[in-house]
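Asker: Given only the sequences and the hints, what does the whole structure look like? Please build it.
Residue 986 in this note's numbering is what sits at position 37 of the sequence shown, and the numbering runs on without skipping anything.
Derived by calculation from the structure, the hints in this document are not laboratory data. All C-beta atoms in this analysis are idealised placements derived from N, C-alpha and C, irrespective of residue type, glycine included. It is possible that part of the hints are untrue.
Below 20 angstroms or equal to it, Euclidean Cα-Cα: the simulated SDA-like pairs (lysine to any residue) are [said to hold, decoys possible]:
(1) Lys-1050 to Ile-1251
(2) Lys-1050 to Gly-980
(3) Lys-1010 to Tyr-972
(4) Lys-962 to Arg-988
Beta-carbon label-pair distances, calculated as ranges [as the list claims (entries may be wrong)]:
(5) His-1247 to Gln-1225: 18 to 28 angstroms
(6) His-1064 to Pro-1278: 17 to 27 angstroms
(7) Ser-1177 to Glu-1283: 37 to 47 angstroms
(8) Thr-1242 to Lys-953: 45 to 55 angstroms
(9) Lys-1213 to Asp-1032: 50 to 60 angstroms
(10) His-1228 to Asn-1002: 17 to 27 angstroms
(11) Asp-978 to Glu-1230: 49 to 59 angstroms
(12) Leu-1222 to Gly-1145: 25 to 35 angstroms
(13) Ser-1033 to Asn-1172: 42 to 52 angstroms
(14) Glu-1160 to Ser-1033: 35 to 45 angstroms
(15) Gln-1225 to Tyr-1052: 53 to 63 angstroms
(16) Ala-1271 to Asn-1002: 27 to 37 angstroms
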Amino acid sequence: MAGKTMKALVKEKEGVSYKYMDYPVSGPDEGELLVRVTRTSICGSDLNLYSWNEVARTIAKVPFIPGHECVGEIIKVGAGCPDSFKIGQRVCCENHYFCGKCYQCLHGQENICQHLNQYGHGNGTVHGGCCQYTIIPARYAYVLRTDISDNAACLLEPFGVSHLAMEKLEPADESVLIQGCGPIGLMATGIAKAMGAKKIIVTDIVEQKLELAKKLGADILVNGKRQSLAEVVFRETDGYGVGRILEASGNADLLSNCFKLLRKGGVVVLVGLVKQAFHVEDFLKDILFKSLTIKTLHGRHIFSTWEKAEKMLHQRKVDIEAVISHTIPLSKFEE
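Answerer: Following this line, the structure appears as structure tokens:
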């Protein structure tokens, strides 16, 4: 498609901006796929990139096309790509571009590669999903195995984060507290239910999000503006505290206090992007003497998490499309 143009959102410069414009269609070069984008979902980081706040200045480099949660159809396969890639296949992009050579990559930890670049952020590539056609290196392309909808498929990237978080949390037959009902927390609620959690408590300060959590499988809803989270947790667990916590709010105060809400031997997984310092009031009493397990994660296992996540959605164990609030054309991005 050399010489042709497409419509795209472009972050041309620092500051508050995206520009809807004609942009050249390139490639594919060796080892790359040219993909017609069918759906792209909006991540909170895309809003940060638009406003160009401190988070954006840390994670991105201009110029670039935003959008890292997308699905599309292969329309051209570049030279040197594995024979398994065919025109017409539906693919998603693993947006964490790993080097394949560092210690982490050589030990199955590509998602925390020492030299990580990122699709949709201007790191190592100008390409992203907020456009009609995109370039995805074959090594980062995940070929869909099933007929899940494009709406579901474009959410596989964040759904994979929630899936890995729940794998680390091991919620089966456990009381689970999920802090924060953003997309990750909401998806995690559905996954916890699918994985056999005994009781799911969720907390947020937005009533609409709490109602979505209920639809996805939450048993107890706690509005932090009107209720005491600690009172609810200990009432619902006979005074012991919950066995598992997913901290997905990114709120420093919730993070600081969550250790008090875990029973002895409990597990907490941290996934929320806390931007402020946090303080643990009594480390010995609330963490060490309780023998807590604290885990974190970044991204997904490549590509095993993608496969498990797609299988779960194909089996309709989680109503992922419940988290979609609006569908808009690219030209109306400012809405």
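Asker: Going through the numbered hints above, which ones does this structure break? Give me the numbers in ascending order.
Answerer: As far as the earlier hints go, 4, 6, 15 are violated by this structure, in ascending order.
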